[in-house]
Structure formats: C-alpha cells, structure tokens
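**Student:** As a plain string of letters, each chain reads:
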Amino acid sequence: MPEPVLAVDHVFKYFGDYPALHDVSFSLNGGECLALIGRNGAGKTTMLKILAGLSGAAQGEVRLFGDSPRQASARRRIGLLGHGIGVYDELTAIENLTIFAQLYGVSAAVARHWLERTQLAHVANAPVREFSRGMRQRLAVARAFLHDPALLILDEPFTALDDRAIALLQGLLAEAKAAGRTIIMSTHQLREAMELATHVALIERGKLVHFGVRSAEMLADPTYVYRTFGAA
Amino acid sequence: MPEPVLAVDHVFKYFGDYPALHDVSFSLNGGECLALIGRNGAGKTTMLKILAGLSGAAQGEVRLFGDSPRQASARRRIGLLGHGIGVYDELTAIENLTIFAQLYGVSAAVARHWLERTQLAHVANAPVREFSRGMRQRLAVARAFLHDPALLILDEPFTALDDRAIALLQGLLAEAKAAGRTIIMSTHQLREAMELATHVALIERGKLVHFGVRSAEMLADPTYVYRTFGAA
Amino acid sequence: MAKNIRLGLGALVGMLLLRNLYVILFNLPDEMEQGPIYRIFYYHLPAFFAAILCYITALVASSMYLIKKNLRYDAIAMSATEVGLAFAAVNLITGMIWGRISWGIWWAWDARLTWALICWLVYFGYLMLRQAIDDPTERAKNSAVLSIFAFVSVAITYKAIEWWRTQHPGPVLSIRTGKQLIDPVMENMLYMNFLALATLAVLMVIIRLNQEEMQRQIDGLRRRAHAI
Amino acid sequence: MVFLQIAAKDLRSELRTKESLNASLSFAVVILLLFSFAFDPSSEAVAEFSGGLLWLVFAFAGALILNRSFARELPNDCLEVLIASPVSGAQLFLGKTVASFVLLMTIEVICLPIFGIFYDITWIPQALPLLGIFALGTWGMTILGTLFSALTVNLSLRELMLPMLLYPLMLPALMAAMRLTTILLAGNAIAGNDMVWLRLLIGFDIIFTALSLALVETILVR
Amino acid sequence: MVFLQIAAKDLRSELRTKESLNASLSFAVVILLLFSFAFDPSSEAVAEFSGGLLWLVFAFAGALILNRSFARELPNDCLEVLIASPVSGAQLFLGKTVASFVLLMTIEVICLPIFGIFYDITWIPQALPLLGIFALGTWGMTILGTLFSALTVNLSLRELMLPMLLYPLMLPALMAAMRLTTILLAGNAIAGNDMVWLRLLIGFDIIFTALSLALVETILVR
Ligand code: HEM
Ligand SMILES: Nc1ncnc2c1ncn2[C@@H]1O[C@H](COP(=O)(O)OP(=O)(O)OP(=O)(O)O)[C@@H](O)[C@H]1O
Ligand SMILES: Nc1ncnc2c1ncn2[C@@H]1O[C@H](COP(=O)(O)OP(=O)(O)OP(=O)(O)O)[C@@H](O)[C@H]1O
Ligand SMILES: [Mg+2]
Ligand SMILES: [Mg+2]
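Those protein sequences? They're chains D, X, S, A and V, same order as listed. With this note's numbering, the residue at position 222 of the first sequence is 222, and numbering never jumps. With this note's numbering, the residue at position 15 of the second sequence is 15, and numbering never jumps. With this note's numbering, the residue at position 20 of the third sequence is 20, and numbering never jumps. With this note's numbering, the residue at position 173 of the fourth sequence is 173, and numbering never jumps. With this note's numbering, the residue at position 112 of the fifth sequence is 112, and numbering never jumps.
In short, the hints are calculated from the structure, not lab data. Beta carbons are placed, not taken as given, at the ideal position from N, Cα and C, and that holds for glycine. Some hints here could point you the wrong way.
[To be verified] Which residues of chain D face chain V? A partial, calculated answer using Cβ under 7 Å:
id, residue
1, Gly-82
2, Gly-84
3, Asp-148
[To be verified] DEER-style ranges, computed between Cβ atoms:
id, chain 1, residue 1, chain 2, residue 2, range
4, X, Glu-61, V, Asp-40, 57 to 63 Å
5, D, Ser-215, X, Thr-198, 46 to 52 Å
6, X, Thr-198, D, His-122, 42 to 48 Å
7, A, Phe-118, S, Leu-28, 55 to 61 Å
8, X, Ala-216, S, Arg-72, 49 to 55 Å
9, A, Ile-207, X, Gly-56, 26 to 32 Å
10, S, Trp-103, D, Ala-124, 56 to 62 Å
11, A, Gly-132, S, Ile-93, 39 to 45 Å
12, D, Ala-124, V, Ile-202, 32 to 38 Å
Working from the sequences, and respecting the hints, build out all of it.
**Tutor:** In structure tokens, the structure reads:
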C-alpha cells in the first residue's frame, strides 16, 4: 500500500485543559477531497492548523507526504487558505501574488495567470485595501492555488464569494481533484461542499464522530450528516 | 403618509473617480426586511456604511427616522453588524457585551440575556481571542441586537455560522420584523436571506437595477433575481 | 482672462524684484558693523513675512473647508502651505548663511531659530500627512484640522523674538517697536522687497491652485464618463 | 459620563494582564538607564537638565502609548462600531485621552522615585507641586496626542508619523514642563518670573483641549 | 536568498509612498529638536556626549521601527501564511532583520549631517569609520530587536514590552557604539584601549546573530 498523502494518527490538542481535539485519526490519498464538517467551535480550524504545521499536536502524529508538516519539502506542497486572507492590504493584488510566487519559486507569469482565473485582472494594480470582501477572498484563493499545491487546506473557502465565484472555486477544486491533488476543507456551506467531496468527516466537540465516503443522501440533503451521525 | 424609517435619495459615492454608488434611491418602512443582493464589488458594503453614517455620500441624502444618520438619536436606534465583528479580542464575551450595554444605556442583565440567546453563555468568561470564527460571529450578532434597535444594518450576517446558528439568527430576525423593526442585510447566502426578506434590491456596479417586494419565484430559486434583473 | 492676469502679475513681480535687487546692491550703503553681508537681510525678513501671509491664508482656507466642505478651499490651503514653506525655507537658508558669516556657525539653538525650524517642520508634516492619505475628502478633512493646530507654531515663532532673550537680533521694524532703530532708507527698502516677495507669493499660489483645479476638472470629467 | 466608560474599557484592555504595570515600570527604569549611559549622571550638569531628562522619558513613553490609542480599535473594525454607536466623537475622544492620561501618569509617578535614586535627586519635599506639573504637562501631551492618533490611525506609517507631528506642536507645553520640573527638582518654588511658564502650560492645556473637542467630530466621521 | 525577498517585501510595504523617506527624515530632525530642548546644546558638554545623543535618537527610532517588524504580519493573518510557506524561520527572521536594518541605516545616515549642522560638529573626515560603527551597532540592535519583535508579536502590550526587553539586553552594544561614536566625532581615531569597545561590538553582533538564528524557529511555530 502506498503512503497516504495525509495521515492523522491519534491526535490530541488541548487549550488549557479544554480538549479541542480528542483522539482524531484519519488519512487521505491523492485525488480525494474531504469535507470537514462540524458545528461552531467543534475543532475544525484547530485540526486544519495542525495539518498546516501552524500548531503542534499535544499527542499523536501528523504526516504529510510521509513527512512531518514542518519539513520545508512538505510545506512547499501545501496550499493554505485560512480565516484571514493572508495578503497585504497596502500592496496591490499583483504585487501580493508576485511576492508569494517568489517565495514558492514559481514564475511571475503564474501570478498574472491566477489573477485572471479569479477574475481580478481588472484590479491588478489596485491596493488590496480598496477591495471588497469578496474580491479579497478571491485573491486569497489565487494565492493558495499559485504554486499548484499537492495538498489544499481550505478553511471556509466559500465565505463572502458570490454565486459565480463559488462556481469558479468549485471548478478549480474539481480540476485539482481530477489532477490527483488532495483537498481538505472545512465549511458551513454544505451544499457547495458536498458536490465536490469524496469523503466527509464530522467533528463534534473535538471528537471525530464520523469519517467515510460521501453518499448520495448527503448530496441530496446536506444536513443528513448532522442528523445521522451527530450526537446532539 | 408617515415618514419612512429609512429613505435613500439619489445617493452617489465615488472612490477617487470610481463610482461605487450611482444614483441609488429607495425607502423602507417599519416591519420590512430588505435583502440587498449583488455580486462581489457591486457596492453593497458601501451602501450599508453610508446608511450607518460611517461614510458620507458624495451627493444625495440619507434619512433615518426622518433624521440625518449622524444624529445621536438616530444612531441609538441602529444595530450594526459589519464585516469586522466589532468586539475586543482581549476582553471576555461578557465584558464586551457589558461595555456596549453601557454605551447604549441598557442594563447589564440584557448583556447576559443576549449571551444566552446566542448560546455563548458557557464561554461568557473566556476572552474572545479564544473563540472559534462562528462563536465570534455569534457574539457580534449579540452585540448588534443588544439595545433592541429599530433598524438593523447587517453585512453578510450568516458568515461562519453553522446550521443551527443560522436558524437562530433567522428566528431573531423574524422576531424583530414581527415587532415592527426594519432590517436591511446584504448577503451571498440567498437561500437563507430570501426566507426573511419582504423586499429585494439588486445592485450591479453601483447601480440599483431592481427594487421590489420579494416574490414566490425568488424564494423557490434564489438566483432568479440575478437572472431576471441582472444585466450580465 | 485669468491667464492674462497671471502674465501681468508675473511681469510686475519680475520688474519689482529686479529693481529692488539693483537698489539693494548698488544704491544702498554697506552697514557699519557687518559690511556688505547685511544685504541678505532684505530677503531674510520679508521672506518670513511672506510665509506668514501664506500660512494665514492656509488657516482661513482650512477653516472654510471644515465649514463649507468644498474641496476648493482645500486646494487653496494646500497651495498656500506649499508656497509658505518655500518662503520659510528662504528665511531659514538666508539666516543660516548669514549666521555662518557673522557668527561663524550654521546654527545656534536660540529660541527664534529653533521656533522658525519647528514652524517649518510642522508645515512640512502637513504636506506629508496629505501625501499619506489617498481619499481626497479624508485628506482634505484631516489636513485642515492639522493646519489649524499648526498655526499655533506660527504665532509662537512671531512672538519668540519678544518672549525670549536670543542671540538672534531683536525686533527692528518701527511698526513693531514704535522706535526708529534702523535707517529709514533701509526700512523702506525692506517694505519694498516685502511687497515684491508677497506679490511673488500670490502669483505662486495662483499658479499652484490653477494646476490643482485642472487636476480636479480632469477627475470630474472622468467621473462623468464613468457614469454614462 | 460616557467618556468614563470608554476610558474604563481602554484601561481594562490595557491592564488585562497584571504584567502590564510591571512592564511600564521596567520600561521606565530601562529608559532612565539608557540615559544614564548616554550622559554622565554624576556630572554637575545633571541638576540643570534633570527636568529635561525626565520629560524626555515621558515624551518617549507617551509616543508609544498614544500610538495605540485609536489604533487599538482597528482589529475587528471596532472603531466603526464605536462611531456608529450613540457615543459622540467628543466623548470617545475624551475617553481615550483620559485612558492614556491615567496610563502615562502611572508611569511617571513610578519613574520619579527611580529617577531620584539614580541621579541622587531629592524630590520628596516638592512631591505635590511636581505631581501638579506632571498632570498639567501630561494632559497637554495626551490631548494633542490622542487627536493626532485619530488623524493618523489609518496611515501605514502611523508609528513614525504620530511622533513626527506631535512633538513639534507639543513643544511649548514640553518646554514649560521641563523648566518647571527642573526648578522644583532644584528645591526651589515656582514664583516670580517662572510663573510665566506655569501660565503657558495651563494656557496650552485649555486652548488645545477646546480646539480638539471642537474638531474631533469632523475627524472621526469620513 | 529567500530572505532578500522577504526584506524586499517589507521594504516595499514600508516605502509604499515615496514620502516615507521624508517622514523618516523629519522624524529624525524632530527628535534632535526634542533633545536640544532637554539639554543645553550650546554648552561645552555636548561634544562629550555627542555619541550618546546620536545613539539615543537611533535607539528611539529603532524601537518604533522594530515594533512593526513582525506586527506588520498580523492583519489578515499573513504571519500564518508565511510560517506555512516553505520559507524557513531563519530566512523569515533574517529578511525582517535586513529590512529594519536598511530602514534604520537610512535614518541614521540622514541624521548625521543634520546633527553635524545643528550641533556644529564636523564628521566628514571620519565619515567612513562612523558608517562602519553605525552599521555594527545597528545590526546588533536590529537582530535583537527583530527577535523580540517575534517574541512579543502576540502580546497586547507589545509597544511597551519590546523596548523594555530590548534596551537592557542591547546595552553592551549601545554603550560600545556610543563610546566609539563619541571618539570619532571628537576627531580621534579608534586605537589602543578603545579597540576593546570595537571588539565588544563585533562580538555582540556575532553572538546574538548566531543565537537568534538558532532560536527563531522555535519561537515562530507554537
Ligand atoms: C538659521 C538662522 C536664522 C533663522 C532661522 C532666522 C529666522 C528669522 C525669522 C523667523 C525672522 C522674522 C521673525 C519676526 O520678525 O517675527 C527673522 C528676523 C530677523 N533676523 Fe533672522 N534668522 C536667522 C539668522 C539670522 C542672523 C545670523 C541674523 C543677523 C546677525 C539675523 C537677523 C535678523 C534680523 C535683524 C531680523 C529682523 C528682526 C525683526 O525686526 O523682527 N537672522 N529671522
Ligand atoms: N487559542 C485558543 N485558546 C483557547 N481555546 C481555543 C483557542 N482557539 C480555539 N479554542 C477553542 O477550541 C474550540 C475549537 O475551535 P475551532 O476554531 O477549531 O472551531 P471551529 O470548528 O473552527 O469552529 P467555527 O466553525 O466556528 O470556525 C473552540 O471551543 C474554541 O473556543
Ligand atoms: N476605500 C476604497 N477605495 C477605493 N475603492 C474602494 C474602496 N472601498 C471599496 N472600493 C471599491 O468599491 C466597490 C464596491 O465595494 P463594496 O465593498 O461596497 O462591495 P460589496 O458589494 O460589499 O462586495 P462583496 O460582496 O465582495 O463584499 C468595489 O469595486 C471596491 O473595489
Ligand atoms: Mg473555524
Ligand atoms: Mg461587502
């Protein structure tokens, strides 16, 4: 059996004595897309931060591409979209993307390409400060996809996007999935997520109460997961 | 005819020479709920900021309760929920609400009441810094409703909320509407908004291309508005 | 029409300046103690008064902006401040040259000199605040407020000469002291050159204002084009 | 008295952790230490510029504290919420001034005895008048500084712009405070000719408080 | 050379407007002005503490600039994105140090001639060695300051904590730089006994650079 792209092995995380994650284990392979679902404060963001190497697990282990998440080689293959958009307000859209292109060692032409794909080419030279909320989120999407990452870690990526931008992002994600990339995303916009997901995980108060392939029922009725596997 | 709660009269707003709002006029009465719809960068937030008195119109006039939005009497009756959550990260949930209760001259008991209604009572004494994104948004909702405002100005209020919190917020809004309060909200989560709205407005590149009562078609198919009244 | 006024004013200023320079250099005698270098005085003092004139204009225009919210007043305030800074710089630089020659050092920390410098820095800060703000209305509003505060430093600079004992010479003008401390010929020449420099300042403000109005008209046209 | 609530809120945020008082204290000590390395504290000259030294420390600490005054409201867009609330611009401004004033006065009161020890200066007999001068000077500094904090809150170069705009305009008050403090630290009373400085300081406070309160509403609403 | 890209990014943000250099310049002048009010600048003593004066200005400007170093990454959670990127902690840290170093050196180089004019001090003959001392002292200040900026970036009291931690630890370098600068400004060469100060400065830079680079990774990932 080949090494999974992402392996989470009995991970615990505490804030003070509050267990934000309790014994979470799962793994994902290339071409899979996991929708990480859970109510407010369930621990989704905490899990994604540990995957991105931003925070360490108290117990247990996380392996990306068979490596620790803090390894530079692993980090080079991660695309991260967190709660914040991760771009600089005082710089222009194209400057922001060019900077990240440099840091990931891809060419500046790629930056322009992604600006076009997220339909921001017309404001390429405006400082991000002047962007509307949805335009910012699009830019963050462009930044996360820039270096063609093998693992996409997306925390509520559909936030603030309009109907077209959501369709666009879904298209990008479907494309990445088809190209064998692995995707893990948390979201409350279940309808949008279920179309893409190959797997669904439900977290409840830090515990992984369900992990499995996405079924047809889940697609038809997004709250099905909560109702079927949720405790409360 | 009685004075409308909210009257927007030929409002223009420019950023540099970009017309963010172009000749927008509409009015709302008590008990009405307007869903302000538009694609990313259409000008929704700009409109709401002008209504809240945070920004001045270049031309035209806005009247709240027959008064200018900068009048203290008008401001006392506004509940604002913007892009930012408007609470302090280093203070606890209850401290935050108590501060705003004082500023609006309502009793501290009300603060605790709203913490319970938004289901944050169990984390009342935790600093907001430790809240998950959805918990923060709930707190912002509590802050906006605290002083029982006659006009609610909500910019993407459903962001980051889970299914239950959305139902809760919808309940709060329905209650306010029934009590004769006026609501104006922008959102991309059309399904959630249409259930509440009595009126729908569509902004496209700064122009109000549609304003009217919400029809049955809109409820059945949220993108109906875009397809019917939108230009592009 | 407006252009003719500017041209006429320009010609007048040119003639005045040349005439004054001729008189200063060739008609007036050297001063007893200082020799020829004292002639710098005819530019040193009038330049400061011209600057004060500009700052007063800026103060009035800024207050008017806050009352009327008309960007035209903001443009006036900005132009007047820029020109005022230029004239204040002439005062500072001529003073430093003079100081280098008569005191042997470029700078002395006495109250008059220090306040002249403070005053310059304050208005320089005004220009910098302007450049740091993108939005025209916010820029106009914030800088108008600063301009009002800044004027306090002008008042202090003007009064510094009377409030503090300084290495720098005290007041000499008869209209200020009520006594005739210098030769009336010299004093008259001072007024003449003040007239020249003040007219120059007015001309410069008008030119700067004109540029600014032009820019705003272009912006306005672009806006209208957008709106169609 | 809404401004007191605003002040209480700011102070609560600032003093969230008990460490903050310790921080202010050590901050003051460290600056005094720094000065003692720059200038020979044993020299005779120290007595002559003791007031200047002390007020430099205060002005420095002041810039750091005042930088935060309005900037503190930026995360989570709190400033917008406050401006949209019924709190008037003047109340908000006054509240923030009072909070910075209290913080700075605390630092200054802690600084004084430490300064006395380091530079061998007796201040106890003059403690009360000194406190008065501190209060007057600090009020002038905070009222102007808070106004400029509001003016510069949206600038990216805020940290440099604020002291750059503030210090020159604050100089009259600073000068007066330095002079009066030096006189008091030398063991003399403020009398005769020196009353001019006191009057300057009081005048500065009154004029700038009035001017700021009149103009602040315009600054906050864009 | 990733750290150069980080430095370029920071400098670009900082120098977004051309005016920021003007701002730094007037900031420097304003601080010199402030000092001239605190101490009688015409007194003979000035020459004796010219180096101290100059370095106090630099330390002050440094605290303001270093406060922003990591704090600049807080809005929009940019810091998280950088830490999750393949850029190593050491590179990130070095990039930020270089950016602050360049900014501070610019201010210092502008300060020197202004200082020369205002305090009637000739520095031109010693320009090169002075520049060397400035570079050594500033490097020590920025390397330590950037480390503390990373340490304190998440504290609400950042503005006070940073100088409080930084100044005492920086004292050896600062003292050496002050002493060496005073010697050079007095027109003398650094020789004999004074070489000790130079060695102290260089040793400080090397030790703290190594220490910081070794520790920074642990600080950034929590
Ligand atoms: C950097 C150096 C200097 C600066 C910044 C400076 C500044 C000024 C200013 C601002 C004024 C006009 C203020 C007023 O009248 O209220 C003035 C006036 C004058 N300055 Fe200077 N000055 C400098 C050096 C000198 C020197 C070296 C001399 C001569 C030794 C000099 C002689 C005068 C005289 C005679 C007046 C007219 C005084 C009066 O009637 O008001 N200045 N200077
Ligand atoms: N720094 C922290 N200190 C203490 N507790 C924290 C901290 N960060 C998060 N928590 C707690 O950990 C729990 C999980 O938070 P997390 O952000 O992972 O939730 P989430 O599933 O992302 O929720 P949401 O859908 O609202 O974003 C919450 O109860 C939260 O209060
Ligand atoms: N401060 C500003 N300076 C210049 N342009 C601005 C500024 N703020 C907003 N804009 C522009 O005005 C337009 C409208 O922005 P606004 O934030 O109102 O959009 P929105 O409808 O709220 O979009 P979203 O759904 O993405 O939040 C956008 O094109 C934006 O780029
Ligand atoms: Mg989350
Ligand atoms: Mg918006």
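**Student:** Now look at each hint and say whether the structure bears it out.
**Tutor:** Verification of the supplied hints:
1. Gly-82: holds, 6 Å
2. Gly-84: holds, 3 Å
3. Asp-148: It is violated, given that the least Cβ distance between D:Asp-148 and chain V is near 14 Å, above 7 Å.
4. X:Glu-61 <-> V:Asp-40: 57 to 63 Å: holds, 60 Å
5. D:Ser-215 <-> X:Thr-198: 46 to 52 Å: Given range 46 to 52 Å: violated, Cβ gap about 38 Å.
6. X:Thr-198 <-> D:His-122: 42 to 48 Å: violated, 35 Å
7. A:Phe-118 <-> S:Leu-28: 55 to 61 Å: The hinted range 55 to 61 Å holds for A:Phe-118 and S:Leu-28, with Cβ atoms some 58 Å apart.
8. X:Ala-216 <-> S:Arg-72: 49 to 55 Å: holds, 53 Å
9. A:Ile-207 <-> X:Gly-56: 26 to 32 Å: holds, 29 Å
10. S:Trp-103 <-> D:Ala-124: 56 to 62 Å: Holds: the Cβ-Cβ distance is about 57 Å, inside 56 to 62 Å.
11. A:Gly-132 <-> S:Ile-93: 39 to 45 Å: Given range 39 to 45 Å: holds, Cβ gap about 42 Å.
12. D:Ala-124 <-> V:Ile-202: 32 to 38 Å: violated, 46 Å
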